[in-house]
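S.K.: In case you want the letters, here they are:
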Amino acid sequence: MADGRVSAGSAIAAARPRVVAALAAQLRDLDLAEDAFAEAARALIESGAAPDRPQAWLYVTARRKAFDMLRKRRAEARLLETMGAEPDMAEVLHLPDPIPDERLRLIFICCHPALATEARAALALRVVCGLPVAEIARVFVMTEPAMYQRITRAKAKIREARIAFELPPRRLWQERIEAVLLTLELAYTAAYQDAAGERDGELAAEIDRLAAMLAELLPGEPEILSFAALVALARSREQARVDARGAMVPLSRQDTALWDCAAIMRAQDLLERVNRVGGGGAMRLMAAIQLAHARRLFDGTVDWPAIVALYDALLAVRPDPVVAINRAAALARAESPAAGLAALDDIPGRRLARFRPYHAVRAELLAQAGQREAAGDSLRAALSLDPPGAERLYLEDRLEALPELGD
Amino acid sequence: MQYLLLINEDESIYEGENAAKVMEETLAGHMAFAQALTGKGVEFSGNRLNPAATATTIRWDHGSHTLHDGPFAESHEELGGYYLIEAASLDEAIEWAKLIPVPGTGGIEVRPVWPMDE
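Protein chains in written order, with my numbering: chain A, 1 to 407; chain B, 408 to 525.
Only chain A is shown next, with the shape it has when bound in the complex (with noise of 0.2 Å):
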C-alpha cells in the first residue's frame, strides 16, 4: 500500500509538467489547468489503480474535470467549443501520443519577461512542478502568505494583461530564452544556497528536473544545454557537499567516492552536444569550470591555470564580484595563496566587506599563506554575517582548527 502511494505519488510529479502545460495551452487559464490536475492526481490516488499509463490516465481524467468545472461556471461556453469533444478514456490510453506537448508553451508563459524574475521563478516552480507554496516561501526565505500572493499577482498579470498563451515567433526567442535561463538561475542559486537546505526539500530535484525537460524541447540551445548540464555535476555532488554532522565540505574536500558518475557523464554528454551546436557564454563557462573540477573523480587532479582561463572568460561576460573571488581562489591554487590574496585585493567594490564569500576565500587563501591570525579575522567576519547553518558549522570547525588562536 505504501509502496502503491509512492509510486502514484513519482507518477503524479513526472506526469505534471506535461499534463499541466497541455491543459493550460487549451484552457488559457493557470489556476484552471492546476485545479484539474490536483483533482485528477487526488481521484488516482483514491481509486487506489495503477493505470499502465499515468500520464495519459491524468490527462484524460484532468480534462474531464476542467469539463466539469467549465460547465459548472457555464460562462465560458464558447471555449468548452474550442477544446474538442469530450475524450473517451479507454480510446485516449490506446493513441500512442495523446498529449499535445505544450511544456515549452508553458515555461515561456511562466518565465514571460514582463514578469518580474522573483516572480517567475515562483511561478515556475508552483505550476510547473507542483511545488507547495510553503516550500518555495522557504526556498525564497519569505512567509508563505507573501509567497502566496506573489504568485496570484503573477497569475493575475497573466490573466488581466493578456499574456499570450501562443508561442512566441522565431524571432523572439532569444529574448524568452534568456528570461527562462534568469528565472532558473535563481531558483538555482536559491536551492544551492544551503548545502544542506535542499535535503528537506524537493526543489534541487525539480530544477534538475526542469532543466533536463528544457534540454530535451531546446536541443539546439547552447546555454540551455549548459544549464543543465551546471544543474547535474551540482546534483553529482549532493551526497559529498555535507558531512555526518551537517558541516558544509567545499568542493576541494569532498570525497570523489560519494560523487555520482552517473550525474557527472550526463552533464558531459550535454556540453559535447554544446561543442557540437557552438556558441554559448556565461552558463557554458561555468558548467565547464564545474566539469573541470569533475575530473578529480578520474585521475585525481584538476587542471588550475585551465580553471583560471575559464573564471577569466566568465569575468569578461559576467563581471561580477562572485566571479572575481572564485577567480582569486583559483589563481591560489594554480600560482600561489600570495596571487590568489593579490587577485582578492584587486576587486573592486566597497560592498565586499559586507560579503560572506569574500571573507571566507580570503581566509583559506591566508591560512594557506600560513597569517593564521589575519585568517582568524576573517573567518570571524564571515561568521558574522549569517551564514547558512551548513556553512557556519563549516567555519566554525576551520576557526578550531587554526592552532596559534588558542595561544
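Keep in mind that a hint or two might mislead.
To be verified - List of simulated lysine to aspartate or glutamate pairs, EDC-like, C-alpha gap at most 20 Å:
hint, chain 1, residue 1, chain 2, residue 2
1, B, K505, B, E493
2, B, K505, A, E175
3, A, K65, A, D31
4, A, K157, A, E118
5, B, K505, B, E418
6, B, K447, B, E493
7, A, K157, A, D35
8, B, K505, B, E484
9, A, K157, B, E525
10, A, K72, A, E46
11, A, K155, B, E418
12, A, K155, A, D31
13, A, K157, B, D524
14, B, K505, A, E178
15, B, K447, B, E499
16, B, K505, B, E432
17, A, K72, A, D35
18, B, K505, B, E450
19, A, K157, B, E493
20, A, K157, B, E499
21, B, K505, B, E422
22, A, K157, A, D31
23, A, K65, A, E34
24, B, K505, B, E516
25, A, K155, B, E525
26, A, K157, B, E502
27, A, K155, A, D35
28, A, K157, B, E516
To be verified - Far from chain A, by Cβ distances over 10 Å, these chain B residues were calculated:
hint, residue
29, L413
30, E424
31, A426
32, K428
33, K447
34, I465
35, D476
36, E481
37, L486
38, S496
39, I507
40, P510
I should point out that these hints are in silico values taken from the structure, not numbers from a laboratory. We treat Cβ as the ideally placed atom computed from N, Cα and C, and that holds for glycine.
Use these hints to put chain B onto chain A, whose structure you have.
M.R.: Positioned in the frame of chain A, the structure of chain B alone reads:
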C-alpha cells in the same frame, strides 16, 4: 483588447544643441510607427503632450484638494505622449511599444485598458 502605451522620457534631449535635429528625427520615427500600425490595420490613436513645465496637477487628500504647478510625478522622466492601440495580447502590444522612438533615456509603460463592461 486595448493597450495604452505611455511615453515617459527625459525632456532635456529636446532642448540641447541638436534639439531641432533630434526633434525632427523623433517625429519621423513616430510617423514611421503610425504608418507601420496603419499598414498592419491596427486601430490606434495617440498624441504628443506639451512639456511637463506646462502641467498643472490637482492634488487630492481625502476630499480636499490643492492645485500644484507641475506634473504629478516629479522625476527626470516625464510623460510626453501616448498611444492607444488594439492588440491581441500583451506580447503583441510590447512588440509595438518597442518600435516607439525614445532618443534619450526614458521608458514606455504598457498598460492594458480595463473595459467598463468587465
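S.K.: Are the hints correct? Go through all of them and say.
M.R.: Outcome of the hint check:
1. B/K505 - B/E493: This hinted pair holds, its Cα atoms lying about 15 Å apart.
2. B/K505 - A/E175: Holds. B/K505 to A/E175 sits at ~13 Å (cutoff 20 Å).
3. A/K65 - A/D31: holds (13 Å)
4. A/K157 - A/E118: Cα-Cα ~14 Å, so holds.
5. B/K505 - B/E418: OK: B/K505 and B/E418 at ~19 Å, within 20 Å.
6. B/K447 - B/E493: holds (11 Å)
7. A/K157 - A/D35: holds (19 Å)
8. B/K505 - B/E484: Roughly 17 Å separates the two Cα atoms, so the pair holds.
9. A/K157 - B/E525: holds (15 Å)
10. A/K72 - A/E46: Answer violated: A/K72 to A/E46 is near 23 Å, above 20 Å.
11. A/K155 - B/E418: violated (36 Å)
12. A/K155 - A/D31: holds (8 Å)
13. A/K157 - B/D524: holds (19 Å)
14. B/K505 - A/E178: holds (18 Å)
15. B/K447 - B/E499: holds (12 Å)
16. B/K505 - B/E432: holds (17 Å)
17. A/K72 - A/D35: holds (14 Å)
18. B/K505 - B/E450: holds (17 Å)
19. A/K157 - B/E493: Holds. A/K157 to B/E493 sits at ~18 Å (cutoff 20 Å).
20. A/K157 - B/E499: holds (15 Å)
21. B/K505 - B/E422: violated (24 Å)
22. A/K157 - A/D31: Roughly 13 Å between the alpha carbons, so the hint for A/K157 and A/D31 holds.
23. A/K65 - A/E34: Holds - the C-alpha atoms of A/E34 and A/K65 are around 11 Å apart, at most 20 Å.
24. B/K505 - B/E516: Distance of about 10 Å is within 20 Å: holds.
25. A/K155 - B/E525: Between A/K155 and B/E525 the Cα gap is close to 18 Å, so the pair holds against 20 Å.
26. A/K157 - B/E502: holds (18 Å)
27. A/K155 - A/D35: holds (14 Å)
28. A/K157 - B/E516: Holds. A/K157 to B/E516 sits at ~14 Å (cutoff 20 Å).
29. L413: holds (14 Å)
30. E424: holds (33 Å)
31. A426: For B/A426, whose nearest Cβ neighbour in chain A is about 33 Å away, the distance exceeds 10 Å, so it holds.
32. K428: holds (31 Å)
33. K447: With a cut-off of 10 Å, B/K447 remains clear of chain A, as the shortest Cβ separation is near 14 Å.
34. I465: holds (28 Å)
35. D476: The assertion about B/D476 holds, with a minimum of 34 Å to chain A.
36. E481: holds (25 Å)
37. L486: holds (20 Å)
38. S496: violated (4 Å)
39. I507: Holds: least Cβ distance 16 Å, greater than 10 Å.
40. P510: It holds; B/P510 is separated from chain A by about 23 Å at its closest Cβ, greater than 10 Å.
Checked against the numbered hints listed earlier, the structure breaks hints 10, 11, 21 and 38; every other hint is satisfied.
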